[in-house]
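J.: In case you want the letters, here they are:
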Amino acid sequence: MDDVLTAPMVVEFPFTRSLGPVLSAFLTGLRERTVLGVTAADGRVVVPPTEYDPVTAEEIRDLVEVGQRGTVTTWAWNGAPRRGQPLAHPFAWVLVRLDGADTALLHALDAPEGPDSVTTGMRVRVRWAQERTGAITDIACFEPAPHDTPLRGRPTSHPGTFAEPVTSLVAAARLDYTYSPGRAQTRYLNALAEHRTKGERCPECRKVYVPPRGACPTCGVATGEQVEVGPAGTVTTFCVVNIKAKGLDIEVPYVYGHIALDGAGLALHGRVAGIPYDQVRMGLRVEPVWTEGGRHPDHYRPTGEPDAAYETYKELL
Amino acid sequence: MTSTEPDPGQVAVVAFAQSRHARATEGLSEVEMLLPVLRDVLGQTGLSTGQIDFTCSGSSDYLAGRPFSFTMALDGVGAWPPIAESHVETDGAWALYEAWVKLLTGEAETALVYSYGKSSVGDLPEVLTRQLDPYCLAPLWPDSVSLAALQARALLDAEATSERELAGIAARSRAAAADNPHAQVRGTSPDAATLLADAYVTQPLRRHDLPPVSDGAAAVVLATGRTARRLTSRPAWIRGMDHRIEAHSPGARDLTRSPSTRLAAEHAGLFDPGAPPVDVAELHAPFTAQEVVLRDALRLGEGTAVNPSGGPLTANPVMAAGLIRIGEAAARIARGEARRAVAHATSGPCLQQNLVAVLESDGPAEDGSAAGGSAEDGLVKDGSVEDGQGGEGV
Ligand SMILES: [Zn+2]
Chain A
1 MDDVLTAPMV
11 VEFPFTRSLG
21 PVLSAFLTGL
31 RERTVLGVTA
41 ADGRVVVPPT
51 EYDPVTAEEI
61 RDLVEVGQRG
71 TVTTWAWNGA
81 PRRGQPLAHP
91 FAWVLVRLDG
101 ADTALLHALD
111 APEGPDSVTT
121 GMRVRVRWAQ
131 ERTGAITDIA
141 CFEPAPHDTP
151 LRGRPTSHPG
161 TFAEPVTSLV
171 AAARLDYTYS
181 PGRAQTRYLN
191 ALAEHRTKGE
201 RCPECRKVYV
211 PPRGACPTCG
221 VATGEQVEVG
231 PAGTVTTFCV
241 VNIKAKGLDI
251 EVPYVYGHIA
261 LDGAGLALHG
271 RVAGIPYDQV
281 RMGLRVEPVW
291 TEGGRHPDHY
301 RPTGEPDAAY
311 ETYKELL
Chain B
318 MTSTEPDPGQ
328 VAVVAFAQSR
338 HARATEGLSE
348 VEMLLPVLRD
358 VLGQTGLSTG
368 QIDFTCSGSS
378 DYLAGRPFSF
388 TMALDGVGAW
398 PPIAESHVET
408 DGAWALYEAW
418 VKLLTGEAET
428 ALVYSYGKSS
438 VGDLPEVLTR
448 QLDPYCLAPL
458 WPDSVSLAAL
468 QARALLDAEA
478 TSERELAGIA
488 ARSRAAAADN
498 PHAQVRGTSP
508 DAATLLADAY
518 VTQPLRRHDL
528 PPVSDGAAAV
538 VLATGRTARR
548 LTSRPAWIRG
558 MDHRIEAHSP
568 GARDLTRSPS
578 TRLAAEHAGL
588 FDPGAPPVDV
598 AELHAPFTAQ
608 EVVLRDALRL
618 GEGTAVNPSG
628 GPLTANPVMA
638 AGLIRIGEAA
648 ARIARGEARR
658 AVAHATSGPC
668 LQQNLVAVLE
678 SDGPAEDGSA
688 AGGSAEDGLV
698 KDGSVEDGQG
708 GEGV
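Chains as they are written, first to last, in our numbering: chain A, 1 to 317; chain B, 318 to 711.
None of these hints come from the bench; they were simulated from the model.
You may find that some hints are simply not true.
No farther apart than 25 Å at their CA atoms in a straight line, the calculated lysine to any residue pairs in the SDA-like style are these [said to hold, decoys possible]:
hint, chain 1, residue 1, chain 2, residue 2
1, A, Lys207, B, Thr366
2, B, Lys419, B, Glu402
3, A, Lys207, B, Gly367
4, A, Lys207, B, Ile400
5, A, Lys207, B, Glu402
6, A, Lys314, B, Ile400
7, B, Lys419, A, Thr218
8, A, Lys246, B, Arg383
9, A, Lys207, B, Gly360
Modelling step: build the complete structure from the supplied sequences, incorporating the hints.
T.: See the structure below:
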């Protein structure tokens with residue numbers, strides 16, 4: 001079997017998210033070195049605060065200010081931090097119940113003395129980030145607070161109002177993949193690199209798929225028999241593109257069409273050029289134009305043959 | 318289509334197939350990985366794709382790294398001309414739940430459920446951070462192993478388990494997988510004492526506390542009443558199924574307990590008075606400590622064999638691992654090895670969401686004359702996907 005193609009693929013998706021009143025107050029509070037919680041229906045103080053009661057789901061809005069010191073309720077030693085995590089050197093993940101809170105907040109604990117220095121029940125305090133923008137990362141991490149004792153008493157009410165509140169956050173994310181198109185499309189792409197177009201025939205209905213995806217969507221069976229199609233084909237339908245695509249170096253207007261290569265059971269799409277855009281028509285006979293080193297046809301141009309009769313391609317529309 | 322509504326006991330698993338799970342199915346696209354499993358499960362029932370009333374699948378675009386990735390997999394089920402089809406962006410156990418509900422409405426008599434995941438394409442612990450709360454959790458990129466380690470530490474602190482017990486769970490799972498050709502971590506299994514000599518991966522977790530990273534697929538055929546009996550001589554009847562969810566934030570929960578699993582089990586009828594004992598439990602506990610939580614939530618005693626397939630500690634194709642639990646439980650019933658089985662699936666960080674299904678046999682094994690169809694007897698068949706071994710930790 002041929003080696004299957006792979007390529008690195010990076011997916012980045014910066015979502016902009018609205019915060020709503022509770023999270024806006026919480027994250028703006030962090031910017032101002034203030035940690036807020038919310039009082040749930042049963043009187044428990046939830047930190048980080050939620051807009052809805054964790055038990056009853058009713059809307060909750062009563063904000064309180066909690067302490068900046070707390071107690072570790074559980075921990076895990078992260079000896080090999082990953083990209084994006086709060087600290088670049090080994091640290092402990094901790095759930096911290098801040099003084100005055102009844103739930104725990106997830107964050108990193110900077111523990112330079114290693115895992116042996118971390119215990120459940122240890123006292124820790126917030127280390128604020130130098131630059132704060134209104135995000136959970138405004139807490140740089142926690143650090144040990146030895147000899148510290150928990151504050152007693154209920155937390156005090158807080159209006160949650162600050163100057164210039166943050167109302168949204170941009171959640172940037174990047175994930176890295178190694179993409180493979182699979183065996184069928186590898187066969188197709190390798191043939192294309194040799195300027196040949198190879199489809200695959202369904203063993204049951206005999207239809208030839210171009211490009212092949214490995215299975216016949218009608219029969220639900222694997223395709224495998226390679227069939228060379230084209231090189232020429234027929235324009236089955238087309239559109240005229242009048243808006244320039246970002247990053248695409250093609251003058252508008254141009255024609256993008258569905259092209260049924262001779263022998264193929266369905267049409268693929270490609271640009272039609274070498275003819276004025278307003279003269280492209282259904283039934284036009286075309287052939288691929290390859291550029292030096294290109295893995296795909298750059299475009300299709302007229303062959304000069306007479307147009308194909310509608311009956312020859314009507315099933316391929 | 319049937320016009321009479323079957324009662325809730327009248328939907329059965331009639332066939333199950335899965336791939337030979339591997340660290341990486343080199344060079345197979347998702348549909349290429351899935352197709353042999355679909356052919357296998359349909360072949361067991363003698364049904365063609367066009368004879369299935371409803372199709373439901375589970376997968377995740379975040380694993381594949383591409384939007385609407387499930388549409389490509391639809392090529393494998395013969396989706397043209399159009400079929401009645403649905404998709405859930407979570408484990409296939411939830412796709413099975415949707416199909417079960419569909420069958421209970423009387424709108425369909427047969428359903429094909431499948432799910433698949435190729436974790437090898439990306440960095441799984443990192444990908445799974447993207448399922449977390451985007452405000453207070455996801456910006457910290459807490460990987461799935463670290464979150465599971467927080468849960469394990471909470472259990473150890475509460476003396477609900479010990480590192481030795483966790484190693485024992487791993488050793489038992491690996492030994493059980495020795496005769497499961499679909500498992501990824503198989504073969505001679507070190508005992509707990511040997512496993513405990515390993516260094517921590519993410520303290521308190523050692524490599525054996527983690528599932529392997531797996532590529533794989535699974536498929537199940539469901540059928541109602543008489544159709545189920547026609548398709549197999551030994552249907553595994555779904556006596557009840559429910560799923561429940563807890564607060565998302567791990568710090569808002571008691572990580573040593575799983576009230577959502579308990580509640581789902583109650584609603585699925587697991588604790589019904591007078592019900593026969595549970596012979597087999599297939600638990601979707603990718604981390605050893607989670608099995609401790611689930612055994613307690615499901616009130617499993619010594620008489621129940623837990624994860625006789627080896628469970629997710631020996632093959633963990635994300636998005637399929639929960640569906641496989643239902644399939645494995647059904648397969649035990651089909652083989653006459655269990656009368657009553659419970660299957661569990663989970664989703665989200667630290668067992669946030671849990672599904673419980675209770676499956677039962679007809680009673681004493683029937684002879685083949687009761688079945689009029691073309692079904693083969695045993696349910697478990699190989700998907701002819703590439704073999705692969707070696708448990709590389711997450
Ligand atoms: Zn076909």
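J.: Does the structure break any of the earlier hints, and which numbers would those be?
T.: none
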